[in-house]
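Q: Single-letter residue listing:
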Amino acid sequence: MFIINCPYCGERDQSEFTAGGEAHIERPKQPTELSDDEWAEFLFMRKNIKGVQFERWNHAHGCRKWFNVVRDTTNDKIHAVYKMGEKPSID
Amino acid sequence: MPNYRVKKTDYVDQTNRISFKFDGKTYFGFKGDTLASALLSNGIHLVGRSFKYHRPRGIMTCGSEEPNAICQINPGTDLTEPNVRATEIELYEGLEASSQNCWPNVNFDIGGINNFISPFIPAGFYYKTFMWPKSFWKNIYEPLIRKSAGLGKSPTLPDPDLYDHKHIHCDILVIGGGISGIIAAKIAAKSGSNTILIDDKNTLGGSTIFQNNENFKINDEISKDWLFKEIEELKKLKNLTIKTRTSVAAYHSYNYLLAKENLTDHLSKNNKTSNIRQRLWKIRSNKVIIASGAIERPLVFNNNDRPGIILASSVNKYLNFYGVICGENNFVFTNNDSAYETALSLFEKGIQIKIIDIRKKTNSKIVKRVEKLGIDIYWNSTVTNTFGYRKLNSIEIMNLSEDGSNVIGKKIKAKCDCLAVSGGWTPMVHMHTQSGGKLNFRESDQVFLPKELDSEHISVGSCNGDFELDDIIKNTNEKVKSLLNLKETEFEKTYVSCTKELDKRNIWLLPNKITLGKTKSFIDFQNDSTAKDIKLALREGFRSIEHVKRYTTTGMATDQGKLSNMHALGIISETAGVKMGTLGTTTFRPPFTPLTFGAIVGRNVGQFFDITRRTSIHEWHIKNNAKFENVGQWKRPWYYPKENENMHQAVQRESKAARDSAGILDASTLGKIDIQGSDASEFLNRVYTNAWSKLAIGKCRYGLMLNEDGMVYDDGVTTRLGDNHFLMTTTTGGAANVLSKLEDYLQTEWPELDVFLTSVTDQYSTVSICGPNSKKILIKLFPSVNFNDDDFTHMSFKNSTINNINCRIMRISFTGELSYEINIEAKYGKSLWEKCIEAGKDFNITPYGTETMHLLRAEKGFIIVGQDTDGTMTPIDLQMDWIVSKKKYDFIGKRSLYRSDTIREDRKQLVGLLTEDPKEILEEGAQIVSNISKKPVEMLGHVTSSYFSPNLNKSIALAVVRNGKKMKGQKLLVPMENKNINVIVSDSIFLDKENKRLNA
Amino acid sequence: MNNKYSIFSLIKNAFTQHENWQQAWGNPEPKKEYDAVIVGGGGHGLATAYYLAKKHNMKNIAVVEKGWIGGGNTGRNTTIIRSNYLWDASAGLYDHALKIWENLSQELNYNVMFSQRGVMNLAHNLQDVRDLKRRTHANRLNGIDAVWLNTEEVKKFCPIINTSPDIRYPVLGGTLQRRAGTARHDAVAWGYARGADEMGVDIIQNCEVKGIKRSGDIIEGIETSKGFIKTKKVGVVAAGHSSVIANMAGLKLPLESKPLQALVSEPVKPIIDTVVMSNAVHAYVSQSDKGELVIGAGTDAYVSYTQRGSHDVVEGTLKAILELYPIFSRMKMLRQWGGIVDICPDASPIISKTSIKGLYFNCGWGTGGFKATPGSGDLFAHTIANDEPHKLNAAFNINRFVSGDLVDEHGAAAVAH
Amino acid sequence: MLNINFPKIDKKTFNDLELSLAEEKIKINIRGKNKDFFTKVGKITSIILPTEANTSSSNEKFNALWLSPDEWIIYFDGKDTNKVINNLFNEISKLNFGAITDISDHWVCINIKGRKTFDLLSSSSPFNFNSFKKSKNNVAQTVLNHTDVIIHHKEVDDVNLFVRRSFAEDLWLWINDSARFL
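Protein chains in written order, with my numbering: chain A, 992 to 1082; chain B, 793 to 1792; chain C, 15 to 431; chain D, 226 to 407.
It should be emphasised that the hints constitute simulated quantities derived from the structure, not laboratory data.
Virtual Cβ for every residue (Gly too), placed ideally from N, Cα, C.
Please note that the accuracy of each hint is not assured.
[What the hints assert, rightly or not] Mimicking DSS-like on lysine-lysine, the simulated pairs with C-alpha atoms at most 30 Å apart in a straight line are:
id	chain 1	residue 1	chain 2	residue 2
1	D	319	D	260
2	D	319	B	1028
3	C	68	C	227
4	C	246	C	367
5	B	958	D	260
6	C	246	B	926
7	B	1030	D	319
[Said to hold, decoys possible] Computed footprint of chain D on chain B, listed as stretches where at least three residues anywhere in the stretch have a Cβ under 8 Å from a Cβ of chain D:
id	region
8	1403 to 1410
9	1497 to 1504
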């Protein structure tokens, strides 16, 4: 069970959060302009990174805010958290 | 009955006699005994049979590493427990234990025959045989294997005990109450840290607390006396919590640890102080100090498994802690100094003791002392064989060759009923590795040691490879200081005088005259894997330690290889010529010691298995004999049987009443989301497939929500309460997911939208009244409201009050009948419901449940998301093209509707099905085909909903059928096990297609 | 076959203290070039190599494994084997595998202990019942044995299940596939390895793939920790690490790698004689030949390569176990572990060519790959050998995620394990 | 007239612990971001919404709990919801300064008092109460026995626990069961 530092509520137990998968996959502004391949890329294709990954979490049982987490998927260590629309403090 | 108890004992209360039963026979022990020490005090060594060869086995250790002495506790009762270590269970009045894995009994065990066929069943033999004839595997071989495998017996009665959980957060957690743990805890607590000290025994002090030996002094006191005082001081410290009888089971990342506290396992039935048997502590600690100690290694030689062969340190503990003598003719067989403490203790008690040391000679302080006392030492020697079937009676000793690879000289046979073996020490690095820590290998004494990288945790004491008293105290002090950034502690000047080991010699597999293949040199005692098994595995090409482990099952017994892993590694590295350090160890997986399922689950059993959600009208439903359906965590009335009605009869009655006069449904479970903000209607445009901007205030509209992949996700009616104010309803099961999905889009994709979402699911109770007489009932309830059809039209709502309580009346229909839904503050829900029933009396208002609701909507061809859809249906497939806006630029899932597969004309589509025989009711889930004879049978789709409609007096069904749109009127088959049912594809709306009844 | 295994060879070797057994498989260094290289020495990879050699006469091939063979999910799963899947494509795939299982011990001359003692799937709510019945009918029409059991029949088949109507989610019935069961996971990897080795396949352990060399859209070989290996065909069967290899080749896959946990109890005498799976009350359990209760937990929702999951998952699983089997409350968990499973959005696998010529992927098995091992290997071998999918794996191509023609097993099937 | 029905929650006392239903209360969910929003709330309730995470502010009538940067709960004793809510609604929701929602019945308020209060909560909440319990006016949104709760530490060892109505009875039974083991 991780401890996740919610950018709004502070450090909380993982069980208060839900995971939202890879971050920064922006929903196309004009889906109708996309080919089936491009749409599939957005819909299904994932980096699934082994290493430092940018992902989304939701403090579902707390403030209900979505935010971003930088986590190393090889050891689950969290390097940074940042709000939606912000840039990560590390890269 | 012989008595092997010495006069004076510190930790066993000889004034408090306790009776217990072992294998049906009554014995006596004392308070403070473990089952093991009590058995030994009665001269009982043989307590079990091994897993594979059913060899007689005795007590070998005094702790959690015990491989042999495992028993069934309280056999045949609801308190029974298999595979309990006799060395861990504390003795209590009335304790019953029996030996396992033997028949008819432990002294004479038929399975013992395996020992004689053992040449034919080496490691992995089962991979090589039992293949012919094929049928025998299932019917003969496997049942045989299964029967002989397994150790104890599973309980067969429900557990009367309770288990509890508790979360606890602290600054410092110290694992292990031995001398280093005590020092660490004292420093931490005194430095002001909120500290917890955990130890699995019932007393603190580890092995030092019974170290009664002139050669070990701290500040000029015998080590045990010094430690005793330390513990007394420790107990007085304020911000320190001490938990005994508590063992850390798992060490997860982020310093999250699980520890099981034993509350009643050491108490007799009528002395149980708590109705909780075990409590699982869920610990979050900023820092963790591991002081879990070390385990003594056995030695690997021929027949090293007989009852009476015991770890030297255990013999010492049985003597000095429990006051029990393990034998009359004792030999210590060692490769290091620590066993000499055992020799001294025995000697001082006047018990016969001799020493066999594989080392050539050493002159350490303690050895000199032993020699001075005239105790015989066989230097440079090894035990080559042991004798005695049920109990060791003699051993065979030979000299070692110069390089230790062979034995030389003549055999010496000696009388011996207790062989105290010591092959050195293995630090318990389990916790360190569980936490993700790596290991270093120390060649000098061949131990794996914690490699500390982060500052999350440290290891101190012998689990860190410090085996000498002075090192332990010095290094523990230093490490804890730097962990807590302290300048100095009270232990700076602690003065230690102790003997130091000067010479080491380790031989993983001791040599023998007999070829290895003919010896039984055990490595894993419980699983009966021997040195030759390891070599066989290597011979057959298994190289990695994990392969060898799995092939020979070494280290996979209930002790998880605490005694065997290092020897297996040692022999592999010797045989394969690979350095142990590079070979690496197998991974230590949680739990450290087996953990009861009950403790892991805690109190979420029975009624607390899962949350039960109730509507505010629940009580009324119960009073009126409702049968309930689980919908997610909700309890919803399923149907309300009268007298001896069965479900079918009840549902027929309910649905008829609803169509003929009036029915009433508790619809409170539907999800409700309050939507406000200047962009509210734009938001709805984006999440629903249809258009919302033009919906007038006061009007309601049905909406369909898709996933981005274009498949139907949820549906419901949304009402426009104001210009920028909507009330959305969702399916009961979908409520939570829909809200978080919508929040997700708002917060991540469309932050520019001014919209606020608030769940109000529990705020309102919803009473739904339908049927031709529903209006009359509503008029009675709300005399002031104009229910005139042209004033209060279908799909609109009005605010009103009943007895001055605000409520919202919506004219919407999921049944196709004229129908009204009343939303009221939940606290008035039950009262309102009762009023409606009252008002509806003259109209035979009939409460109906989910089953009838499903039937009524099916007659109208309304879908239920999740029943008529399965995550593969688009709105087009449902023939709901009308609800998909062609004008809107975008909405969730729109793009997916235009992929090459989703635009196919011949996808599965929702249709109606009528059976040729109107009495025949189709089975929901049944498949649909056009031709049953052509193999493979092509399945066109399946029945999603099916009922007998009392209102149409025939069976009706909804189904999804490939290309169903074009199949209307076509005959198809529904093949069942025993017959094929003829059906005709029909419109999915069976009743009142013109919607006359909505305005009846 | 030299060194054939049988009761006789066992007896024979007993007299020489088993000193004369030969290696089950060798330990070669990689050659400069192979006709095909399989990346990943798990059951699927070894089976693929075995069938390439056996059925497609490709002998100059290698399996490269970064650790030790069978050390990944093959050695970490709960060994459940069944073929009662809903959709035709899945049913075809998994039953193809099941048919091979039924003769595998004899074919490999290695006892994989395939034990057909049935798999039962329980229903706990009305939608479960609909879904399971739908599956049962589909299975029957697809020629897969499946029967619906009512609650009494469930109790009869597995008496220790708590079928009381008063529990939170009562058992409303279940489906039974009698041909289904379990097998000894290690034996599958070892048996295929031994068989492949015998036909000349190089099994190269401790050999990690570092890169994929391609010229344009054609494969040229792979960079490994043991040097460059030239080859025209690379079949990737790397389970949780599929995406890692794909990224080396500049591809993205519709996969997420998540921790899946399992645990065993201490061994006890036979108490449960079948495999019971429950979706709504999420738990599945069987008993190994050794006597351990083998219990499968669920996956976590986040990507992780740590081979560890969160404790909540284990707690939730055992909670479900005690709901269905209250008598196990005093049983003890002996060992728990995790694997990394690669999951597709539709919970179905990918056995497919890629946009790069000579590069093939077999992945996305999620939580249910073990059961498919022989079939997966056979079909993947066919796909690699012919550069064309077999009709049984045609539906499992990568392109389905573009067209939308998914094989949605979790949407529909009651259990996706 | 319509009678009121709350979930079956009756006063219970254990040693060092007192449990009771704390109704009737009016609870208002308040959403908003901009300056005017805050001033309007201030004007109507004469309370300053706490902007510091996990805290609350109170005056003689109202308690305002921080839920997120743009969400609060205001609760107070009373029956007549209309006045305050309507004011807020007309001044804020209607004019698009934020969102005002009556959630008086969405949440049920349970009061837990006594020395063992936080022991009880720790039986099944992963939340770290170590510093929380030291000072009053702290607020925590977390889970208790797998149920979402809002905990308002109003006085020392005296908390108001908010739980959604449909979960209330179930959680209440669990709380009572837990209290036995403290």
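Q: Now, for every hint given, state plainly whether the structure supports it.
A: Here's how the hints hold up against the structure:
1. A distance of roughly 16 Å separates the Cα atoms of residue 319 of chain D and residue 260 of chain D; the hinted pair therefore holds under the 30 Å criterion.
2. Straight-line distance between C-alpha atoms of residue 319 of chain D and residue 1028 of chain B comes to about 63 Å, which puts the hinted pair past the 30 Å bound.
3. For the hint pairing residue 68 of chain C with residue 227 of chain C, the CA-to-CA distance comes to about 28 Å; that is within 30 Å, so the pair holds.
4. Pair hint residue 246 of chain C plus residue 367 of chain C holds up; C-alpha atoms about 13 Å apart against a cutoff of 30 Å.
5. For a cut-off of 30 Å, the pair hint linking residue 958 of chain B to residue 260 of chain D is broken: about 43 Å separates their Cα positions.
6. This hinted pair does not check out: residue 246 of chain C and residue 926 of chain B have alpha carbons roughly 40 Å apart, beyond 30 Å.
7. About 57 Å separates the Cα atoms of residue 1030 of chain B and residue 319 of chain D, which puts this hinted pair outside 30 Å; it is violated.
8. Against chain D, the region 1403 to 1410 of chain B contributes 6 residues with a C-beta closer than 8 Å to a partner C-beta. That satisfies the three-residue criterion, and the hint holds.
9. Here's how the region 1497 to 1504 of chain B fares: 0 of its residues keep a CB closer than 8 Å to some CB of chain D, so the rule of at least three is not met and the hint is violated.
The structure fails to meet hints 2, 5, 6, 7 and 9 from the earlier list, while all remaining hints are met.
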